[in-house]
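Going line by line, the protein sequences match chains A and B.
Going by our numbering, the first sequence opens with residue 1, and the numbers climb by one from there.
Going by our numbering, the second sequence opens with residue 1, and the numbers climb by one from there.
Source of the hints: derived by calculation from the structure; they are not laboratory data.
Check before you lean on any hint, since a few could be wrong.
Capping the alpha-carbon separation at 27 Å, the derived lysine-lysine pairs in DSSO-like fashion look like this [what the hints assert, rightly or not]:
no., chain 1, residue 1, chain 2, residue 2
1, A, K160, B, K199
2, B, K3, B, K177
3, A, K120, B, K127
4, B, K285, A, K160
5, B, K283, A, K160
Stretch by stretch, here's where chain A covers chain B in the computed footprint (C-beta under 8 Å, at least three residues) [to be verified]:
no., region
6, 10–19
7, 89–101
8, 216–229
9, 249–257
Partial selection, computed: residues in chain B whose CB lies under 7 Å from chain A [unchecked claim]:
no., residue
10, D85
11, T281
12, L282
Note that beta-carbon positions come from the ideal geometry of N, C-alpha and C, so glycine has one too.
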Amino acid sequence: MLTIDGLKEALRNAQSEIEANKDTLTDLDRAIGDGDHGINMSRGFEAVASVLDDDYDSLGALSKKVGMTLMAKVGGAAGPLYGSAFVKAATAFGEAKEADFTLVKSALEEGAAAIKARGKSEVGQKTMVDVWEPFLNELNDADDYAAKLDQLVQDTEDMKATKGRASYFGDNSRGTIDPGAMSSAIVLKAIMKEVG
Amino acid sequence: MKKLIGEANELVSQMVEGMVHAHPDVYGRVEGVNVICRADGAKSGKVGLVSGGGSGHEPAHAGYVGDGMLDAAVCGEVFTSPTPDMVLEGIKAADGGNGVLLVVKNYAGDVMNFELAAELADAEGIKVDHVVVADDVAISNKDDRRGVAGTVFVHKAAGAAAASGKSLEEVKAVAEKVAANVRSMGMAVEPCYMPVSGKPGFDLNEEEMEIGIGIHGERGVERKPTTGVDSIVDDLLDHLKKEVEPGEVAVMVNGMGGTPLSELYVTYHFVAKKLEAAGYTLKRKYVGNYMTSLEMHGFSITLLPLDDEITNYLDAPSAAHGFKI
Chain A
1 MLTIDGLKEA
11 LRNAQSEIEA
21 NKDTLTDLDR
31 AIGDGDHGIN
41 MSRGFEAVAS
51 VLDDDYDSLG
61 ALSKKVGMTL
71 MAKVGGAAGP
81 LYGSAFVKAA
91 TAFGEAKEAD
101 FTLVKSALEE
111 GAAAIKARGK
121 SEVGQKTMVD
131 VWEPFLNELN
141 DADDYAAKLD
151 QLVQDTEDMK
161 ATKGRASYFG
171 DNSRGTIDPG
181 AMSSAIVLKA
191 IMKEVG
Chain B
1 MKKLIGEANE
11 LVSQMVEGMV
21 HAHPDVYGRV
31 EGVNVICRAD
41 GAKSGKVGLV
51 SGGGSGHEPA
61 HAGYVGDGML
71 DAAVCGEVFT
81 SPTPDMVLEG
91 IKAADGGNGV
101 LLVVKNYAGD
111 VMNFELAAEL
121 ADAEGIKVDH
131 VVVADDVAIS
141 NKDDRRGVAG
151 TVFVHKAAGA
161 AAASGKSLEE
171 VKAVAEKVAA
181 NVRSMGMAVE
191 PCYMPVSGKP
201 GFDLNEEEME
211 IGIGIHGERG
221 VERKPTTGVD
231 SIVDDLLDHL
241 KKEVEPGEVA
251 VMVNGMGGTP
261 LSELYVTYHF
271 VAKKLEAAGY
281 TLKRKYVGNY
291 MTSLEMHGFS
301 ITLLPLDDEI
311 TNYLDAPSAA
321 HGFKI
């Protein structure tokens, strides 16, 4: 079961993982983007951490607040994408105070759909979508999520980017893991850990 | 890398603070946000013109705020699109009751954040439309092209059209006409350094240069051994000439922030000679720093085909510090 406190814990863990991987995310983005993904995600999740001390009466309310905070603090492309994901997930969580695996999965699926719609992107373009969509498609229970996420992140390495700033590099975008895929795995892992 | 800054995270707000304090006749600041608006506020009845994006491109975009050009510039973190709530503040500051046009450079983040802001403004009853600029010929797929220095011509022409009292639809048509025809391409011999991380956007050794760079410190589409500027200009013009027919044009040789003016004029010298030899008439010429990438050492060339309408808009008065006429 994912409780309100559980989701808060997940977001705190996501923040510390992003902080720990800030330089890696930025270095990946330097290679195939503009080198600010770690900096932006760190700023955004720091802001998220600061709203976690407030009281929320539902998972939906918390998720919506997190989405609005990310939208306002991350900037770049990641801000609207992560922001839209949490805002849309909030509609699936609704008034629920706790969510079982099935509800968490459908909330995350709403999130993935929001990312695809906002970014006008599909699987195979070397973006966040390459983690969110296949991960949720293959997710049958709350276990064994970490290895799957790691593999999906790794799979973006050989892809050629056709969306986002990395697409400017064409074939030269191969050989580098997509930083958005990596940060997506961090966030999804943190949430899945609290579901089990 | 050495930088003349205070706390790196405060760079943008301190820059905005400095600009407004230095030029109180032209600039105002929207309270509490990094949005620069006109000192005299939104002009009633005039279509508002808003642009912005990441910072680090100065004088873009705040330098183009002023009578005859932009009404507000939204200043995101360095090379990072501003957030929708910030853009919304810019829209409100520019709204004179007759609609607001957003000039957006074609980057995924900018397009998403400005679109979200337009949705928010729409919900508040402000009429908003937007134009996306994608002038960078370094990218072959036209939908993926970045918005670079040619955006300044869109600001100028749309700003003049708005100042002349045109409607939102008419101002948008002018902006779209310029955006549809303007073409740019850039290069760098030295990268720029991100203020927060202190790292260069890309690593280049002494003998290398990047051709087809964007304006966010990202690598170019091609890395080559360095040559003299004469042949670099040939290289960039080869791409531009494929898309801009010989005829009357405005040409801009734009510095990337760390290029001495002497080198920009040397560059311009070659650009002008080669274009004239190829049958182009350089009706308007602009040489200087218009759309930079921090301290990057490089330049871009922009060509805009001219007719009487666009020429008049380029020549119309402007109080903007970055494009004073």
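### Message
For K283 of chain B and K160 of chain A, compute the direct alpha-carbon distance and say whether it is at most 27 Å.
### Response
violated, 42 Å
### Message
Hint D85 of chain B vs chain A: min CB-CB distance below 7 Å?
### Response
With Cβ-Cβ at 5 Å, under 7 Å, it holds.
### Query
Are there at least three residues in the region 10–19 of chain B whose beta carbon sits under 8 Å from a beta carbon of chain A?
violated (count 0)
### 27 Å Cα cutoff - pair K160 of chain A, K199 of chain B
holds, 25 Å
#### Entry: Status of the L282 of chain B interface restraint (C-beta, 7 Å, chain A)
violated, 29 Å
### Task
Decide if the proposed pair is consistent with the structure: K120 of chain A and K127 of chain B, CA atoms, cutoff 27 Å inclusive.
holds, 24 Å
### Query
Would you say the region 89–101 of chain B counts as covered by chain A, given the rule of at least 3 residues with C-beta under 8 Å?
violated (count 0)
### Task
Quickly compare the C-alpha distance for K3 of chain B and K177 of chain B to 27 Å and report which way the hint goes.
violated, 39 Å
### Message
Quick check on T281 of chain B please, does its C-beta sit within 7 Å of some C-beta on chain A?
### Response
violated, 32 Å
### Claimed coverage, the region 249–257 of chain B by chain A - three or more beta carbons nearer than 8 Å
Coverage by chain A is violated here, the residue count being 0 at a Cβ distance below 8 Å.
### Query
Are K285 of chain B and K160 of chain A close enough, with their CA atoms no more than 27 Å apart?
violated, 39 Å
### Query
If you look at each residue in the region 216–229 of chain B, do at least three have a Cβ nearer than 8 Å to any Cβ of chain A?
Three-residue rule met by the region 216–229 of chain B, so holds; n is 5.
Hint compliance for this structure: hints 2, 4, 5, 6, 7, 9, 11, 12 are not met, and every other hint is.
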